[in-house]
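All chains, please: the whole structure from these sequences, using the hints.
Below, each chain spelled out in residue letters.
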Amino acid sequence: MLRASLHYQVGEFHLDLDFAADPGRTLVLVGESGSGKSTVLRLLAGLMRPGAGRIEVDGEVWCDSAAGTWVPPAERAVGYVSQDYALFPHLTVAENVGFGLRAAGRPRGEVLARTAAMLERFGLADFAERRPFQLSGGQQQRVALARALVLEPGLLLLDEPLAALDVSTRDVVRAELKRLLSGLDCITVFVTHAPMEALLFGDPIAVLEGGRLVQVGDRLTLLREPRSRYIATLLGLNLLPGRVVGRGVGEEIHLETPRGEVTVLQQVVGDDLFVVVRPDQVMLSVERPVGSARNVFAGVVEEILPEPPYGERVRVVLGPAPAFVAEISAAAATALDLGPAKSVFASFKATSISAYA
Amino acid sequence: MTIPDRTPLGESLGRLTLLLLAAVLGLLVALPVIGLAFRVTPARVLAQLATPAVQEALWLSVKTSLAATVVAVLLGLPMAHLLATRDFRGKRALEVLMDLPMVIPPTVAGFALLMAFGRVGLLGGALSGFGITLPFTTAGVVLAQVFMAVPFLVGAARAGFQALDPRYLDAAATLRAGEMHTLWRVRLPLALPSIVAGIGMCWARALGEFGATITFAGNMAGTTRTVPLDVYLLLNENLDAAATLSLLLIVMATVLLAAMRQAGLGLFAPPRAPRLAPLPGR
Numbered sequence: 001m002l003r004a005s006l007h008y009q010v011g012e013f014h015l016d017l018d019f020a021a022d023p024g025r026t027l028v029l030v031g032e033s034g035s036g037k038s039t040v041l042r043l044l045a046g047l048m049r050p051g052a053g054r055i056e057v058d059g060e061v062w063c064d065s066a067a068g069t070w071v072p073p074a075e076r077a078v079g080y081v082s083q084d085y086a087l088f089p090h091l092t093v094a095e096n097v098g099f100g101l102r103a104a105g106r107p108r109g110e111v112l113a114r115t116a117a118m119l120e121r122f123g124l125a126d127f128a129e130r131r132p133f134q135l136s137g138g139q140q141q142r143v144a145l146a147r148a149l150v151l152e153p154g155l156l157l158l159d160e161p162l163a164a165l166d167v168s169t170r171d172v173v174r175a176e177l178k179r180l181l182s183g184l185d186c187i188t189v190f191v192t193h194a195p196m197e198a199l200l201f202g203d204p205i206a207v208l209e210g211g212r213l214v215q216v217g218d219r220l221t222l223l224r225e226p227r228s229r230y231i232a233t234l235l236g237l238n239l240l241p242g243r244v245v246g247r248g249v250g251e252e253i254h255l256e257t258p259r260g261e262v263t264v265l266q267q268v269v270g271d272d273l274f275v276v277v278r279p280d281q282v283m284l285s286v287e288r289p290v291g292s293a294r295n296v297f298a299g300v301v302e303e304i305l306p307e308p309p310y311g312e313r314v315r316v317v318l319g320p321a322p323a324f325v326a327e328i329s330a331a332a333a334t335a336l337d338l339g340p341a342k343s344v345f346a347s348f349k350a351t352s353i354s355a356y357a
Numbered sequence: 358m359t360i361p362d363r364t365p366l367g368e369s370l371g372r373l374t375l376l377l378l379a380a381v382l383g384l385l386v387a388l389p390v391i392g393l394a395f396r397v398t399p400a401r402v403l404a405q406l407a408t409p410a411v412q413e414a415l416w417l418s419v420k421t422s423l424a425a426t427v428v429a430v431l432l433g434l435p436m437a438h439l440l441a442t443r444d445f446r447g448k449r450a451l452e453v454l455m456d457l458p459m460v461i462p463p464t465v466a467g468f469a470l471l472m473a474f475g476r477v478g479l480l481g482g483a484l485s486g487f488g489i490t491l492p493f494t495t496a497g498v499v500l501a502q503v504f505m506a507v508p509f510l511v512g513a514a515r516a517g518f519q520a521l522d523p524r525y526l527d528a529a530a531t532l533r534a535g536e537m538h539t540l541w542r543v544r545l546p547l548a549l550p551s552i553v554a555g556i557g558m559c560w561a562r563a564l565g566e567f568g569a570t571i572t573f574a575g576n577m578a579g580t581t582r583t584v585p586l587d588v589y590l591l592l593n594e595n596l597d598a599a600a601t602l603s604l605l606l607i608v609m610a611t612v613l614l615a616a617m618r619q620a621g622l623g624l625f626a627p628p629r630a631p632r633l634a635p636l637p638g639r
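Heads up: the sequence lines are chains U and X, in that order.
First residue of the first sequence: 1, per my numbering; consecutive thereafter.
First residue of the second sequence: 358, per my numbering; consecutive thereafter.
Read the hints as simulated data drawn from the structure, not as lab findings.
Keep in mind the model is a prediction, meaning the values are calculated, not measured.
Hints should not be assumed to be uniformly reliable.
[Stated by the list, open to error] Reference listing, derived: stretches of chain X covered by chain U, where coverage requires no fewer than 3 residues with Cβ under 8 Å from a Cβ of chain U: (1) 526-532; (2) 586-593.
[As the list claims (entries may be wrong)] Short derived list, chain U residues pointing at chain X, Cβ under 8 Å: (3) 78; (4) 86; (5) 123; (6) 127.
Cβ atoms here follow ideal geometry from the backbone N, Cα and C, with glycine treated the same way.
Structure, rendered in structure tokens:
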């Protein structure tokens, strides 16, 4: 079990989060670059000190700023695999894998035996005497994992483990990595900027935004009720945070959102809600619409993107920020004579949106 | 009249000027060496090499410069490691101190060494109490050479330690390696190209040391008269011998520098140790 409470500040950037992770599972931290993901890993590894915080792994306290406890990285049962793997270029594959055992002062016989077993397990036995630069990206990744895992860490940290690979090999290595991680009994924290990787590996997934966790949950929750623009944008949804300003008859709720007032027909408890609007439920018009479409935003066309597969439908991105997207047929876009800077009205029914706390 | 460098003519004129200036410098360095080479014939070089006096100076030079290099490595690497890895009060002062021998005149350095280790120097009395005499001895020659040459070793090794990608150090730290294990297994091997190049420069500098040696250790045949001192002496007596020894020094220094550089560069080649991608922002 990992329990971490981390506070770290550098310049204007504040990192502030509390989280826990269980053995045998992979916690994925996903976020845009600059969200603080790598910093979290470096703090957990002990390569950086938090301004304040506490890290506890399997009952051992590695860091507790209140109690003045600090365990240096070399004394933590941690495995850390950095983005480029950082394999020692002057050592062979076997020497790389055996490095930690030697550094820990294990007897020579044990170093050789455990290294050999690890190489065998990772399918690297044939490459034992090679140098890292003689390996493919996927093989390098396996060496880096073997090098970290040979020490049987309680906590394995992976920093964008697939980012250094070229696209053609990434699919294969991703599947390999998935298989490998699911067989581990340590706590794994996996950092990525790619939401698809997060959805594939994460159990659970934690979304990091500007140094804060905005959502932690399993992938279904994340898909159904995203709480971050980052994930919503990936899923192609419009996500608006809303504050309840009034409740009408029945299940009618009026919300104030950054784009304007929204009416929802749904039973939801709470004052701060998220509203998801599917772009294909949004209609565009040049004149302000009247009638059953209850919600109307005014906007200015920023760009028009053809939708795969055939471009028969287009995504119209409306400004000003935060952007709001409507998906309409290309024919409709032509009929409306849409183009950049054109003022339009986006409307959607109260029944076509979902809100959650 | 100035020709703007944006025009094609200005561009070519500019390039030509750069080339010319570089050529002038090339000649400035090459001509004296060529002049020396023309002064003697191979037969005369061989004849001079056979004389005991020349052999004596040569052997002394090789011996002392090698010893000085060994001492410089033993003392210089810890200093380079310290300067590359630690921040402390007075670090800037220490850095200046380490560079000082490169910029002060060698004769002044020799005089300063006398003031420290000479009979009347700061430590001279203490040293003679232990029966150790440095001035006007072969050990004194080595000391003068170390003093003058060690900055080259420290500078190169330090640059090598500093250029190390921090991600290798992070990897070592999370693989249970303490500072000493990291030094032996990661820092030293990865900085080896720079260190070897530094050893080359240090050795060549020690081999050519003149001013500090003659001031601190004197000019006694067989004990302190190294090749550079001998050259100076022979200028008045035997130009052939002086030219021979000079040429020899130049050849030795050149071979040393080139070989060490090549060795340094070649340590991870082929191919070179792959450079890691630039560090991400966070």
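Against the structure, the hints:
{"no.": "1", "hint": "526-532", "verdict": "holds (count 6)"}
{"no.": "2", "hint": "586-593", "verdict": "violated (count 0)"}
{"no.": "3", "hint": "78", "verdict": "6 Å, holds"}
{"no.": "4", "hint": "86", "verdict": "4 Å, holds"}
{"no.": "5", "hint": "123", "verdict": "21 Å, violated"}
{"no.": "6", "hint": "127", "verdict": "16 Å, violated"}
In terms of the numbered hints stated before, the structure departs from hints 2, 5 and 6, listed from lowest to highest.
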